[in-house]
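Engineer: Please put together the full structure from these sequences, using the hints given.
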Amino acid sequence: MTNLMTAEDKLRLKLGTLELTADSYRMELHRPTRRQTLVDGRFRETMLDVEPCVLRIESRVISADAAALKAAIRTAIHENTVFSFSFDRMRFTEMTIRDILFCRSENQQYMTLTLTLGGTFSGEEDDV
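Heads up, the sequence shown is in our numbering, so the first residue is 3 and it goes up one at a time.
Because the hints were derived from the structure by calculation, they are not lab data. From a predicted model like this one, the values you see are computed outputs, not experimental measurements. We put the CB at the ideal spot given by N, CA and C, even for glycine. The reader is advised that the hints may include incorrect statements.
As the list claims (entries may be wrong) - Ranges of calculated distance between the beta carbons of each label pair, as one might list FRET restraints: (1) A74 <-> E108: 24 to 34 Å; (2) C105 <-> R44: 43 to 53 Å; (3) P54 <-> T77: 17 to 27 Å; (4) I64 <-> V84: 25 to 35 Å; (5) T83 <-> R28: 14 to 24 Å; (6) T77 <-> T116: 10 to 20 Å; (7) S107 <-> T48: 45 to 55 Å; (8) T19 <-> R106: 15 to 25 Å; (9) R14 <-> R106: 19 to 29 Å; (10) Q38 <-> D128: 32 to 42 Å; (11) S65 <-> H32: 33 to 43 Å; (12) D128 <-> T35: 28 to 38 Å.
Structural biologist: In structure tokens, the structure reads:
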């Protein structure tokens, strides 16, 4: 069996001093609109230029490292830390942590982490 993923292809996410290797992710883009009610009662929607983005990262973390990771994430949430980064050949700006979910089953050596970030999708990285 051939492993198609090289070390370069791993889904690494670096948020300040925090670094995660993602097992999977999901990205949602939303096109915002402004809805106005006209004098005759009809509605008009205007498409806005900003494209909000939600990025949900799923990762496994060794249970022994969880306390330090939780503290770093909790600090970033409370301080409303803004991150700009590249991930899987995409660029993101003004991303903040929206929520975090840790799950651990009994007798497991690792925890499952789901990290949700919200901000702006800036586009695809150019091929080098």
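Engineer: All hints, please: hold or fail.
Structural biologist: Taking the hints in turn, this is what the structure says about them:
no.	hint	in the structure
1	A74 <-> E108: 24 to 34 Å	holds (25 Å)
2	C105 <-> R44: 43 to 53 Å	holds (48 Å)
3	P54 <-> T77: 17 to 27 Å	holds (24 Å)
4	I64 <-> V84: 25 to 35 Å	holds (28 Å)
5	T83 <-> R28: 14 to 24 Å	holds (22 Å)
6	T77 <-> T116: 10 to 20 Å	holds (18 Å)
7	S107 <-> T48: 45 to 55 Å	holds (48 Å)
8	T19 <-> R106: 15 to 25 Å	holds (23 Å)
9	R14 <-> R106: 19 to 29 Å	holds (22 Å)
10	Q38 <-> D128: 32 to 42 Å	holds (38 Å)
11	S65 <-> H32: 33 to 43 Å	holds (35 Å)
12	D128 <-> T35: 28 to 38 Å	holds (30 Å)
Consistency with the previously given hints is maintained throughout, with no hint failing.
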